[in-house]
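Q: Below, each chain spelled out in residue letters.
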Amino acid sequence: MSLLVPDVGEVELLAKLLYGRGKAITGATNANPIVITSNSHGLSNSDRVVVSDVGGNTAANTTATVANVASNTFELSGVAGNGAYTSGGSWSLSGVENGTLKLRTDGLTPAESDTAGTYTEATFTGYVTKTLTGKYAAANWPLPTTSTGTTSSTYGTTLTWTPTSSQTVTGYYVVGATSGTLWWAENFASSKSLSNGDTLSLTARLQMD
Amino acid sequence: MSEQTIEPVGDPDDADAAAGDVTDAPAAPAGWRPRNGQWVKFSFDPAALVGGHQAADGRFVGVFQRGGVDALGQWHVDRVKPVDGDGLDLRRLEGTQVLVAELDPAGLADLSPVLDRADVPAARLATARPGWVPLP
Chain E
1 MSLLVPDVGE VELLAKLLYG RGKAITGATN ANPIVITSNS HGLSNSDRVV
51 VSDVGGNTAA NTTATVANVA SNTFELSGVA GNGAYTSGGS WSLSGVENGT
101 LKLRTDGLTP AESDTAGTYT EATFTGYVTK TLTGKYAAAN WPLPTTSTGT
151 TSSTYGTTLT WTPTSSQTVT GYYVVGATSG TLWWAENFAS SKSLSNGDTL
201 SLTARLQMD
Chain W
1 MSEQTIEPVG DPDDADAAAG DVTDAPAAPA GWRPRNGQWV KFSFDPAALV
51 GGHQAADGRF VGVFQRGGVD ALGQWHVDRV KPVDGDGLDL RRLEGTQVLV
101 AELDPAGLAD LSPVLDRADV PAARLATARP GWVPLP
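Chains E and W supply the protein sequences, listed in that same order. In this text, residue positions in the first sequence follow the numbering used here: the first is 1, and each later residue adds one. In this text, residue positions in the second sequence follow the numbering used here: the first is 1, and each later residue adds one.
Pulled out of the complex, with its shape left as it was, chain W reads as follows:
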């Protein structure tokens, strides 16, 4: 397998159509701005995120990463990294390349904080801080 690369998966515009699949999706809290490392959920075309972990309301679950320069001097923009059922970055195999999904948060429909622990993949909860509760 070749070196892992990161590329966007799916078209954020697809989320507009998929948004209708989620009923009564609560809006994000007024003035909410995702924190680095925050669990978030959003609507998206299911065909574009096959294997993605979904919250109880059907929305996909991921982790928000604030943009900037990393410790190796590489730049990245704000992004949401969808996770699979094990809480790992969602990947797909294309030929010999493993592609990791990352999405532009500005294009995500119904983006809001995860507020229920049960929406986080169980494998990540298994190593979570005792008493951790998601906060908006």
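Okay, chain E solo, but in the shape it has when bound:
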């Protein structure tokens, strides 16, 4: 399967999903500015990060610019602590959004000129959109593997629908959950006629063409 990425470059999208996912936080000083501990974070000065789920020093849960990076620590520029760190927390690069996966019923082959408005979304009873989490957990978008000259990363969760009405689905498309921008679309090798009681299981995979 090759995937179509009409609105962003494949490399850019992979980079966002794979390397924008961030890492766990193990410390946040109650100081001004807050110094975050995150082993081998890989950030650079001036990166923008979104910090969440830090316990105790909750002022760290914000979006801030990174400064004074060291191997395992970085400062949240301009952010002062408001308490002692207790536990938890993670960060991700700002601008990384989740994806929303939608099934399609249109009779067309995705082309690189397309937008989300090109496609017709499924409407069968029991249909819901699915969220592809782009942030933090490595299990969501594992580091790509190379097989027979192609590089791909498979989303860690199989997506399943159980329709209670009939409809033929021809593929799916993924848009940014907040931007609405089309990320990619794919046709199934052959369309699937769904009926009440069927189960459709889908595995999303990003593959470099």
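No lab work stands behind these hints, which were simulated from the structure alone. All C-beta atoms in this analysis are idealised placements derived from N, C-alpha and C, irrespective of residue type, glycine included. Accuracy of the hints is not assured; some may be wrong.
As the list claims (entries may be wrong) - Sample of chain E residues lacking proximity to chain W, with all beta carbon distances greater than 10 Å (derived):
| no. | residue |
| --- | --- |
| 1 | 84 |
| 2 | 156 |
| 3 | 203 |
Unchecked claim - Below, a sample of chain E positions facing chain W; criterion: calculated Cβ distance under 10 Å:
| no. | residue |
| --- | --- |
| 4 | 47 |
| 5 | 107 |
| 6 | 177 |
| 7 | 178 |
| 8 | 182 |
| 9 | 187 |
| 10 | 188 |
| 11 | 189 |
Dock chain W against the given chain E, drawing on the hints supplied.
A: Quick look at chain W alone, frame taken from chain E:
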């Protein structure tokens, strides 16, 4: 109508005869390899692609799909999907079955990228990305 199936339409060998119908068809750029989702055009027997959308030079227009395993685990090979005037996959009715045309790109004469927006069906351009221009 029964479940849609996909079957090849026409014989790629027919394209050899049809190629003569297109005059001065420019060759594909040197080293060109179609991208997944790329608009392409090619020569083919018109009788085998009735209703197929044609570029200004008379060649048929379609979308290239790279082969592989889809999200449902189904395998398909590299293929070109010809489109109709609305930009939909070209279909034909046989009995109660709707057949969707798909062609082996290796057998297509004069296969080359669409380089003029005007060769893309207007219905697809209506929802195209603003400023999109076809690239080789």
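Q: For every hint, state whether the structure bears it out.
A: Here is how each hint holds up against the structure:
no. : hint : verdict
1   : 84   : 47 Å, holds
2   : 156  : 14 Å, holds
3   : 203  : 6 Å, violated
4   : 47   : 29 Å, violated
5   : 107  : 5 Å, holds
6   : 177  : 19 Å, violated
7   : 178  : 19 Å, violated
8   : 182  : 8 Å, holds
9   : 187  : 7 Å, holds
10  : 188  : 5 Å, holds
11  : 189  : 4 Å, holds
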